[in-house]
Every structure is written in structure tokens, then in C-alpha cells.
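Asker: Okay, here's what each chain looks like letter by letter:
Number of protein chains: 2
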Amino acid sequence: MSNSMFDHKLSSPSLDFQPLYLQVADSIKQLIVKRHWLPGEALPSEFRLAEEFNVSQGTVRKALNLLTDNKIVTRRQGVGTFVSEHTSQDALFRFFPLQADGKSDNSPKAELLSVELCAAPAEAIKALQLNKKDKVTKLVRRRILDNEFCMSETIYLPQSYFPDIHKSSDIPHTLYHYYQSKFNQTVHKTQDSIKAVLATIDDAKMLAIKAGDPLLLVSRITESIEGKRIEYRLSKCRSDHYHYQIELD
Amino acid sequence: MSNSMFDHKLSSPSLDFQPLYLQVADSIKQLIVKRHWLPGEALPSEFRLAEEFNVSQGTVRKALNLLTDNKIVTRRQGVGTFVSEHTSQDALFRFFPLQADGKSDNSPKAELLSVELCAAPAEAIKALQLNKKDKVTKLVRRRILDNEFCMSETIYLPQSYFPDIHKSSDIPHTLYHYYQSKFNQTVHKTQDSIKAVLATIDDAKMLAIKAGDPLLLVSRITESIEGKRIEYRLSKCRSDHYHYQIELD
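Those sequence lines, one after another, are chains A and B. According to this note's numbering, the stretch in the first sequence is residues 206 to 454, in order. According to this note's numbering, the stretch in the second sequence is residues 206 to 454, in order.
Do not rely on the hints blindly, as some may be mistaken.
Okay, derived cross-link-like pairs now, DSS-like style, lysine-lysine, Cα gap no bigger than 27 angstroms in a straight line [unchecked claim]:
id, chain 1, residue 1, chain 2, residue 2
1, B, Lys276, A, Lys276
2, A, Lys267, B, Lys234
3, A, Lys394, B, Lys394
4, B, Lys314, A, Lys234
5, A, Lys314, A, Lys387
6, A, Lys410, A, Lys343
7, A, Lys267, B, Lys276
8, A, Lys410, B, Lys415
9, B, Lys314, B, Lys267
10, A, Lys387, A, Lys343
11, B, Lys394, A, Lys276
12, A, Lys415, B, Lys415
13, B, Lys415, B, Lys343
14, B, Lys410, A, Lys394
15, B, Lys415, A, Lys267
16, B, Lys410, A, Lys415
17, B, Lys394, B, Lys314
18, B, Lys267, A, Lys276
The hints are simulated quantities; they were obtained by calculation from the structure and are not laboratory data.
Excised from the complex, chain A in its bound form (with noise of 0.2 angstroms):
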């Protein structure tokens, strides 16, 4: 491989015996995370895969199957092998779990409140898994749904991941886009805790409901492809004319 595209080599059977077709996943992955692909850019052939990596073509395959499973590359069929983007819609809809209760073709929008980098509060230095002097930027945001507030959000990313972003002035709708394309920083997966919790006072004035309406308390902990806690989300959502949904197999 002294010619190799890659900066990169399969290192040599390793003591733990992984099948050759994970550690080519693996190497695919790593590719992706440095930026050696793009969001949104095409994967060579898995001919030329197979001669870099200097495994079969079926070993290839099984690789770009596995990744696509994990949503880390998309296939098109008779184009070629891309990897994924968090294309605006895509993420609005595949991470969005809030639904209209009646049909509804709308799009929920969001209105951005208050940007600040701040002292990480004790939950989301928990949930993010940081130090005790670690800075967040807070973001409060107020989503709209058929013309209705149907939650408001706060949002703590870590300095680290998201340096100055507190300094943007165009932080836009469709943050997990943003945070990809501006910060390298791919959402892979959310984990959900929901509880039922009666609206507060700021909660009423937020959503213009009344105190004491039940809400669903929504705690998203985000994590990166590289496996990183990127994001904590704090959502608060009126569920009289949503629900939140989810299916199970």
C-alpha cells in the first residue's frame, strides 16, 4: 500500500481476532471522522476499497453494509457508496419524535432566545460527562409547531467541541446540520429519558399554557460517530395536541 490514497493501514492481526470485515468498517469510519470523505461525498468503488484495504471485494461489502446499518454512509443504488449528511429535513425528521396529533404537514421551526458560554450546570456536567470547571454554551430555543409553541429547549454543548460557537451570529434552525458542517461534529445517536412534569410558571409564559398543564420532560444525551457526548437537551414539550412517538422491534 506504499502508493495508497490513504494515509492510513490495516494494522496487522491483533491479539482480540476482530473479523476482518469490522476492522475494514472500522478503518472506514476513522476515514470519515479525520475528514478524509466529507458529508455528502462519494466513497471510491468498492473495487478500488478492496485493492486499498488489500481484502476481498465481499469483505468491502460486508464493511459498507455494516455502515450503512449505522447510517455512517448512505447507498444509492447504481451510484455509489456517500457518506451521510444531515441534510436539514433528514435530521428535523429522524430526530424529531414530536407529532401533531391529527395530520400535519408542517415543519417545526424554532426561535433562538438567549445564546451564553456559561459555568456548566451539575446535570449536564453529569449527563455530558465533563469537569467541574468545563464552560458550556446554553442555548434556550422555542420551537413552533402549526403555528403553536409546542416546546421550549435548552441546549448545553461543551467548549470543547464547540469552540466560540456562543460568538456566532448565524446560528441557525437546523442545529444538527450546523454542528457537522461547521463544527465536524456528526450526530449518531440520541438517548431519551421521558418523564411527566407540570409546567412552572416560566414554563406557562414560555408556551402560553397555563402552570400546573402537564408537560412531557424530554433529556436528550447526543453522542457523536467518534462516540463522543456532544450535546445535553433539556426539552419541554405540551403534548395536548402532540405526542411523542417512538416504535419498538
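With chain A held as given, fit chain B onto it using these hints.
Answerer: Using the frame of chain A, we list chain B on its own:
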């Protein structure tokens, strides 16, 4: 295939050109649905299946991979492939998403409060796609976690899929396993809608809480592996010491 062990043939090339492995996967699934192999039972070897279906072993392997991903069969390394079974533990943890806030190794328990055959209420008719005259068996249960009432459940089962279940004197805690072993209804998918509600006076009595306390209302539609809607379940869950947990990727 005249001496075939299966009373089943692959259909001739169909008009929609479904890939061969999908046809094989579908045929194996149909044989499972028809109880040619029972839950927990081993499937024949890949070699044998390839011979029976008159396809390559590679095609059988692809079909079994798909059925494994769909949790319809389970592969045990070096042993073989088995029809998935809802053991009590497995079903409890796969489909019971309420978790204690702290660490808890206790399994949830269930207390059966009532069983009756009745006319289906409007929301069960809608959820289960029933006719207005269809009857359902209604079960009311209370779940206990860490010695505390954590949720009430109202469960609707169509009479056609669960004949005479209301006459059973031995309905166990682990319903999904019971559905599979006694009624040949294998739970495959659940779809949960979650709202926040205030406890009514009845809820408060049932769960030993105060009226007006916030509760999670989880409406669950359950599908069998045949794609039939077999259960509609309304759960009212305390979330003061528990949360509903979900991972997306």
C-alpha cells in the same frame, strides 16, 4: 421438491422481481407463522434449506441474516438458527421501556385486577382496526417496580385472535410469552404514543398518588409477525422515580 419436508414452494418469478433472498426470507417466515417450526425450535441447516428451496447457500444465509435482524430467528454461534421465542425475561426487557431513575435490578411485576369480554370502545376500534360489533377482552393490571405501584395498564385484545382468553384462570404476568405459546400470536413490533396527563381520582387510588400528579400516558399498538394488530394497551405511568427511556440512531 416432491420429497420436500416443506409443504411449500417458492413462487415462480413474480412480476415485481423481488430479490431471491427476500422470497426465501418470506417463505421461511410464512413457515414459522404456520407453526411448521415452533418458537424455540431449531431450523434445518443452511445446506438443507438451500437444497429444499433450490437456491444457493449464500442466498439462504442472506435470508437468515434478514430474519435475524428482524428478530424472527436467533442465531447461536456454532449451534444453529432458532425460531425466536418470547421468554419472560427477554420480552420484559425488550418491550418494557420504563426504567428506575437509580440503579435497580428488579424485574417489574404485574397484578391482574380484572378480565372481561366486552364491546370494544371507540379508541380500541380505531387502534386495532376492528368493526363496530367486534368484541375485545379487556384486562386491567397494575405494575409494581421496587415495591411501588409504577403504572396501571388497560389492555384490549380482539376476540378473533384471542378466543376465550377471558375464561382463562391462569393468565400469567408475562403476557407476550403467553400470547405466543397459547394463541400463536408473536409480538413483533410496538408503536408507542406518549403524552403527559394529570392523574384522575381513579388513577390516584390505583397508584397511591395524588389526583393532579403528572403521569405519562403511553398508548401502544402491538403488531404480530404477520403484521396484524393484536393488542392495544393504555399505560398510565408514574415518572417521579422512573423514566421512559429510548435510544435513536
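Asker: Does each hint fit the structure? Answer for all of them.
Answerer: Evaluation of the provided hints:
1. Lys276(B) to Lys276(A): holds, 20 angstroms
2. Lys267(A) to Lys234(B): holds, 24 angstroms
3. Lys394(A) to Lys394(B): It holds: about 21 angstroms lies between the C-alpha atoms, which stays within 27 angstroms.
4. Lys314(B) to Lys234(A): violated, 43 angstroms
5. Lys314(A) to Lys387(A): Holds, because 21 angstroms separates the two Cα atoms, which is no more than 27 angstroms.
6. Lys410(A) to Lys343(A): Given that 27 angstroms is the threshold and the Cα spacing comes to 20 angstroms, the pair holds.
7. Lys267(A) to Lys276(B): holds, 20 angstroms
8. Lys410(A) to Lys415(B): The hint holds at about 25 angstroms.
9. Lys314(B) to Lys267(B): Answer violated: lysine 314(B) to lysine 267(B) is near 39 angstroms, above 27 angstroms.
10. Lys387(A) to Lys343(A): Satisfied, since the Cα-Cα distance of roughly 17 angstroms is no more than 27 angstroms.
11. Lys394(B) to Lys276(A): holds, 21 angstroms
12. Lys415(A) to Lys415(B): The hint holds at about 19 angstroms.
13. Lys415(B) to Lys343(B): holds, 26 angstroms
14. Lys410(B) to Lys394(A): Given pair lysine 410(B), lysine 394(A) is violated - Cα atoms ~39 angstroms apart, limit 27 angstroms.
15. Lys415(B) to Lys267(A): violated, 55 angstroms
16. Lys410(B) to Lys415(A): Holds, because 26 angstroms separates the two Cα atoms, which is no more than 27 angstroms.
17. Lys394(B) to Lys314(B): This hinted pair holds, its Cα atoms lying about 22 angstroms apart.
18. Lys267(B) to Lys276(A): holds, 20 angstroms
Taken one by one, the earlier hints fail for this structure at numbers 4, 9, 14, 15, listed in ascending order.
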